[in-house]
Amino acid sequence: MGRRPLLLGLGIFLAGLTPLGAAEERFFLLGSTTTTDYSGLLRHIVPRFTAATGIEVRTVVQGTGQVLKLGERGDIDVLIVHHLEAEERFVADGHGVARHALMVNDFVLVGPPDDPAGVAGAGDVVAALARIGEARSLFISRGDDSGTHRRETSLWQAAGIDPRAWSGRWYRETGAGMGATLNVASALDAYCLTDRATWIAYANKRDLKILLQGGPALINPYGVILVNPQRHPHVRAAEGQAFIDWLLSDQGQEAIASFRIGGEQLFYRANSPL
Amino acid sequence: MKSGILPCHVEGVSFSVEKRRLIKNVSLSLDSGPLSVILGPNGAGKSLLLRLLHGLIVPQEGRVVWQGGTYDSRTGPHTRQAMVFQRPVMLRTTAIANVDYALRLAAVPSREREERCRTALERTGLSELAKLQARVLSIGQQQRLALARAWALEPEVLFLDEPTASLDPAAARNVEAVISAMHAAGTKIVMTTHDLNQARRLADEILFLHRGRLVECRPAKDFFEAPQSTEAKAFLSGDLVW
Amino acid sequence: MMSEFTQAFAAAGRLIATADADLFEIVALSLRVSLTAVAIAAVVGFPLGAALALLRFPGRRALTILLSALMGLPPVVVGLVVYLMLSRGGPLGVLGLLYTPAAMIIAQVVLVTPIVAALTRQVVEDLWYLYEAQLRSLGCSPRRAIATMLWETRYSLVTIFLAGFGRAGAEVGAVMIVGGNIDHVTRVMTTAIALETSRGELALALGLGLILLVLALVVNGAAFVCRDLSAGPSRQGNALP
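Residue numbers (our numbering), protein chains in the order written: chain F, 1 to 274; chain L, 1001 to 1242; chain C, 2001 to 2241.
The set of hints was computed from the structure by calculation and includes no laboratory data.
Only a predicted model underlies this, so the values are computations on that prediction, with no experimental measurement involved.
A portion of the hints provided could be inaccurate.
[Claimed, not checked] As a list, the in silico SDA-like pairs of lysine to any residue whose alpha-carbon atoms are at most 25 angstroms apart:
#1 L:Lys1131 - C:Cys2226
#2 L:Lys1131 - C:Ala2010
#3 L:Lys1019 - C:Tyr2129
#4 L:Lys1131 - C:Ala2147
#5 F:Lys205 - C:Met2002
#6 L:Lys1131 - C:Val2110
#7 F:Lys205 - C:Thr2148
#8 L:Lys1131 - C:Tyr2155
#9 F:Lys69 - C:Ala2194
#10 F:Lys69 - C:Thr2006
#11 F:Lys205 - C:Ser2230
#12 L:Lys1221 - L:Ser1032
#13 L:Lys1131 - C:Thr2148
#14 F:Lys205 - C:Tyr2129
#15 F:Lys209 - C:Cys2226
#16 F:Lys205 - C:Ala2010
#17 F:Lys69 - C:Phe2005
#18 F:Lys69 - C:Met2085
#19 F:Lys205 - C:Cys2226
#20 F:Lys69 - C:Cys2226
#21 F:Lys205 - C:Leu2031
#22 F:Lys205 - C:Thr2006
#23 F:Lys69 - C:Leu2095
#24 L:Lys1019 - C:Ser2087
#25 F:Lys209 - C:Thr2197
#26 F:Lys69 - C:Ser2156
#27 L:Lys1024 - L:Pro1041
#28 L:Lys1131 - C:Ser2230
#29 F:Lys69 - C:Ala2133
#30 L:Lys1131 - C:Trp2151
#31 F:Lys205 - C:Ser2003
#32 F:Lys69 - C:Tyr2129
#33 F:Lys205 - C:Ala2133
#34 F:Lys69 - C:Ala2010
#35 F:Lys69 - C:Ser2003
#36 F:Lys205 - C:Phe2005
#37 F:Lys209 - C:Tyr2155
[Said to hold, decoys possible] Which chain L residues face chain C? A few, computed with CB under 10 angstroms, are given here:
#38 Gly1033
#39 Pro1034
#40 Arg1051
Note that CB positions come from ideal geometry on N, CA and C, so glycine has one too.
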């Protein structure tokens, strides 16, 4: 009868129901931002850590805002984010053990080569944003409560402009990660604020160029925090702390600093003068 | 042959669909022995009456009473009955498996099932085709298979709803032969037909139905030689179409 | 755009030719997650659909409509709901299933079961009118009828299974949220494609998409071959109208 092949097929499927939960090796969950992951930094430094300690790092990548929420819920064990104010509040509220300065990079302002708002000669990023606001040139924002987005928002504030009032017209919010946002910017030949690491690693630049960089307003410090095991007893504190210790050690900092794309260094040690 | 559930008494049965009475106050008796044929023009309600008798449908008025304890027709057809329909309904499996399926439903133990299946197929001349897929048989063979399936159940009463209406004459004759054989073996046959000649060939008793009413209920010989009602006379002379 | 497509073919070809280990890992996980999810959905959905078609009970119509509507559940919403259930703060948080393939399977089961059940209901109901009188005459109980009708409609059920697999294998919203797209752990074809798109690696993303398509072809092809082997010589039409 025809029963056998069908039942055999069914059997194979159900055999695939082998326990697919957590593996038995040592691991912890790291929540990190798109800027850290998409640049390739984690892929560079994590294998070194795993080789040294045998601990697997499982990375969930979202914007800073979401990563902080994951930490509050106890769904991850360690956070690497880049918004100092939010990080300090996270620790102050008891969600995290302590905030450690991890590394630094900077933001850059990219845009179309013809630079319709005249950003290139603006001097600093706040003045540049003021020019973009006046010229009402197309600007693509993360709009996702990420570290990059929060920085961008504070810069608009400093420029005295409320871009949200123009949301949907010259100011467009994607609510997505850095790469997806850059996809929109490159397709529309628009301005965008991005971190340098993601920008260098990004493969779909089309005609966009860095139009403005440098200055203290664009410095981007990252922090690493262990989720508070007192609040969430299941947190893999030992593994998480081992990772933090390694990151802050000479080997960890050396690994971060040694990450390059096309010969260019993307992240700097926490205490380096940028 | 034990007559466990016969005679059957039908008392004032009516059936309506959307306020139209399709079966009107039918009363009759079914006794073991005669081969009963429900005869009538198209639309007379023959099929409907058969399903009411078998218990596939519940009458709005009246009742169908079988012997041997109260059997509520609402719980479905009696286990001592079987039915064959105008178009045979076969499962997508072999011929013999179809017969076996019915026996499994009747909770017949497995050793007995094999025996009964083989016997049933022999009696209907289908032994050669036992291992073939039922769906590839001709419709005449499938109808005989339906009879084999019914026969394997060893029912006291077999209902047949226009069993040869979809068949060519040769296949029809084969089916009629099986029906006669089952009758000879002791099964009470109740079948419907609109084919006068078939009724003449097979019937011991005629129940003549017209527009939902049981107009005549008499031995076949009497009915055909001396019909009493105008409808029956018209039907026998070929005038009554519906 | 044409250059992007040629690059995509090249990228796909390169990945396959070099037997890229990461690719095979992702493909294996994709198949495992989606096939397991659809298998579970079938075990639940086939009898549920058949029961809906054959049984009469209060609320039957409402349940049928609900099931039909659930076919249109957005994957990302399912992902969100399952995430909230499996999150540490949620009711099933203690199970620690978040960010594991098990969570992805759960989400896809929720997504696919309504499809399987609703389609099964339709298929069984369509065929039941042919079988009902004869099966009831034979004394077939409702429970028995469910089993019999599922067997009778088995070829349609294969197609329904494939429809469920198509839905599961193609979605990214649910598995992204509950799986986290963790490298080597919960990264499947669709989340990998989303990732590469985010990195601007469009040709690679497209190449992965092509491979996903080939995967779907292989699964569908295998199912049809399996079906034809089972059917054997009887697939020659039948005498029923």
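Hints and how they fare:
{"no.": "1", "hint": "L:Lys1131 - C:Cys2226", "result": "holds (22 angstroms)"}
{"no.": "2", "hint": "L:Lys1131 - C:Ala2010", "result": "violated (53 angstroms)"}
{"no.": "3", "hint": "L:Lys1019 - C:Tyr2129", "result": "holds (23 angstroms)"}
{"no.": "4", "hint": "L:Lys1131 - C:Ala2147", "result": "holds (22 angstroms)"}
{"no.": "5", "hint": "F:Lys205 - C:Met2002", "result": "holds (18 angstroms)"}
{"no.": "6", "hint": "L:Lys1131 - C:Val2110", "result": "violated (42 angstroms)"}
{"no.": "7", "hint": "F:Lys205 - C:Thr2148", "result": "violated (60 angstroms)"}
{"no.": "8", "hint": "L:Lys1131 - C:Tyr2155", "result": "holds (21 angstroms)"}
{"no.": "9", "hint": "F:Lys69 - C:Ala2194", "result": "holds (22 angstroms)"}
{"no.": "10", "hint": "F:Lys69 - C:Thr2006", "result": "violated (42 angstroms)"}
{"no.": "11", "hint": "F:Lys205 - C:Ser2230", "result": "violated (53 angstroms)"}
{"no.": "12", "hint": "L:Lys1221 - L:Ser1032", "result": "holds (18 angstroms)"}
{"no.": "13", "hint": "L:Lys1131 - C:Thr2148", "result": "holds (20 angstroms)"}
{"no.": "14", "hint": "F:Lys205 - C:Tyr2129", "result": "violated (61 angstroms)"}
{"no.": "15", "hint": "F:Lys209 - C:Cys2226", "result": "violated (55 angstroms)"}
{"no.": "16", "hint": "F:Lys205 - C:Ala2010", "result": "holds (21 angstroms)"}
{"no.": "17", "hint": "F:Lys69 - C:Phe2005", "result": "violated (39 angstroms)"}
{"no.": "18", "hint": "F:Lys69 - C:Met2085", "result": "holds (15 angstroms)"}
{"no.": "19", "hint": "F:Lys205 - C:Cys2226", "result": "violated (47 angstroms)"}
{"no.": "20", "hint": "F:Lys69 - C:Cys2226", "result": "violated (48 angstroms)"}
{"no.": "21", "hint": "F:Lys205 - C:Leu2031", "result": "violated (33 angstroms)"}
{"no.": "22", "hint": "F:Lys205 - C:Thr2006", "result": "holds (19 angstroms)"}
{"no.": "23", "hint": "F:Lys69 - C:Leu2095", "result": "holds (20 angstroms)"}
{"no.": "24", "hint": "L:Lys1019 - C:Ser2087", "result": "violated (59 angstroms)"}
{"no.": "25", "hint": "F:Lys209 - C:Thr2197", "result": "holds (20 angstroms)"}
{"no.": "26", "hint": "F:Lys69 - C:Ser2156", "result": "violated (45 angstroms)"}
{"no.": "27", "hint": "L:Lys1024 - L:Pro1041", "result": "holds (16 angstroms)"}
{"no.": "28", "hint": "L:Lys1131 - C:Ser2230", "result": "holds (16 angstroms)"}
{"no.": "29", "hint": "F:Lys69 - C:Ala2133", "result": "violated (60 angstroms)"}
{"no.": "30", "hint": "L:Lys1131 - C:Trp2151", "result": "holds (19 angstroms)"}
{"no.": "31", "hint": "F:Lys205 - C:Ser2003", "result": "holds (16 angstroms)"}
{"no.": "32", "hint": "F:Lys69 - C:Tyr2129", "result": "violated (55 angstroms)"}
{"no.": "33", "hint": "F:Lys205 - C:Ala2133", "result": "violated (68 angstroms)"}
{"no.": "34", "hint": "F:Lys69 - C:Ala2010", "result": "violated (40 angstroms)"}
{"no.": "35", "hint": "F:Lys69 - C:Ser2003", "result": "violated (41 angstroms)"}
{"no.": "36", "hint": "F:Lys205 - C:Phe2005", "result": "holds (18 angstroms)"}
{"no.": "37", "hint": "F:Lys209 - C:Tyr2155", "result": "violated (57 angstroms)"}
{"no.": "38", "hint": "Gly1033", "result": "violated (23 angstroms)"}
{"no.": "39", "hint": "Pro1034", "result": "violated (22 angstroms)"}
{"no.": "40", "hint": "Arg1051", "result": "holds (7 angstroms)"}
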